[in-house]
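Undergrad: Sequence:
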Amino acid sequence: MLAIKTSAILLTAFVHYTERGIHITFDEIAVPESGSQEAKVSTLVQKSANNFAKGIAQFPHDWHMLQRIWIDEDFKEQI
-18 MLAIKTSAIL LTAFVHYTER GIHITFDEIA VPESGSQEAK VSTLVQKSAN
32 NFAKGIAQFP HDWHMLQRIW IDEDFKEQI
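Residues in the sequence shown are numbered from -18 upward in steps of one, following the numbering used here.
Keep in mind that the hints are not guaranteed to be accurate.
Stated by the list, open to error - Calculated pairs, DSS-like style, for lysine-lysine (alpha carbon to alpha carbon, straight line, at most 30 Å):
#1 35 <-> -14
#2 -14 <-> 28
#3 -14 <-> 21
#4 21 <-> 35
What the hints assert, rightly or not - Distance windows between CB atoms, simulated:
#5 38 <-> -12: 25 to 33 Å
#6 0 <-> 24: 31 to 39 Å
#7 27 <-> 6: 14 to 22 Å
#8 23 <-> -1: 29 to 37 Å
#9 17 <-> 43: 35 to 43 Å
#10 43 <-> 20: 27 to 35 Å
#11 44 <-> 15: 15 to 23 Å
#12 41 <-> -18: 29 to 37 Å
#13 -17 <-> 6: 29 to 37 Å
#14 23 <-> 0: 19 to 27 Å
#15 42 <-> 13: 12 to 20 Å
#16 33 <-> -18: 33 to 41 Å
Hint data in this document are derived by calculation from the structure and do not stem from the laboratory. The beta carbon of each residue, even a glycine, is placed where N, CA and C say it ideally should be.
Work out the full structure: start from the sequences and follow the hints.
TA: As structure tokens, this is what we get:
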């Protein structure tokens, strides 16, 4: 919404690891010039998802968020 309302640049960032350390790829997503606000949001969300999917496909071994990140009352620590 911020990018749509203010013309701010919208970026996605994907992190993967190399022998030299962390590498972050930034991709700019252009805000559509025409269409309803709802259509613009839908387009931006899909383009963001596509960018993340591209990064995951290239570096699946670095994609680690397939685990629980929120700890709740049924969480049991595993050692």
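Undergrad: Does each hint fit the structure? Answer for all of them.
TA: Cross-check of the supplied hints:
no., hint, in the structure
1, 35 <-> -14, "holds, 27 Å"
2, -14 <-> 28, "holds, 18 Å"
3, -14 <-> 21, "holds, 11 Å"
4, 21 <-> 35, "holds, 21 Å"
5, 38 <-> -12: 25 to 33 Å, "holds, 31 Å"
6, 0 <-> 24: 31 to 39 Å, "holds, 37 Å"
7, 27 <-> 6: 14 to 22 Å, "holds, 18 Å"
8, 23 <-> -1: 29 to 37 Å, "holds, 34 Å"
9, 17 <-> 43: 35 to 43 Å, "holds, 37 Å"
10, 43 <-> 20: 27 to 35 Å, "holds, 33 Å"
11, 44 <-> 15: 15 to 23 Å, "violated, 34 Å"
12, 41 <-> -18: 29 to 37 Å, "holds, 31 Å"
13, -17 <-> 6: 29 to 37 Å, "violated, 21 Å"
14, 23 <-> 0: 19 to 27 Å, "violated, 39 Å"
15, 42 <-> 13: 12 to 20 Å, "violated, 34 Å"
16, 33 <-> -18: 33 to 41 Å, "violated, 19 Å"
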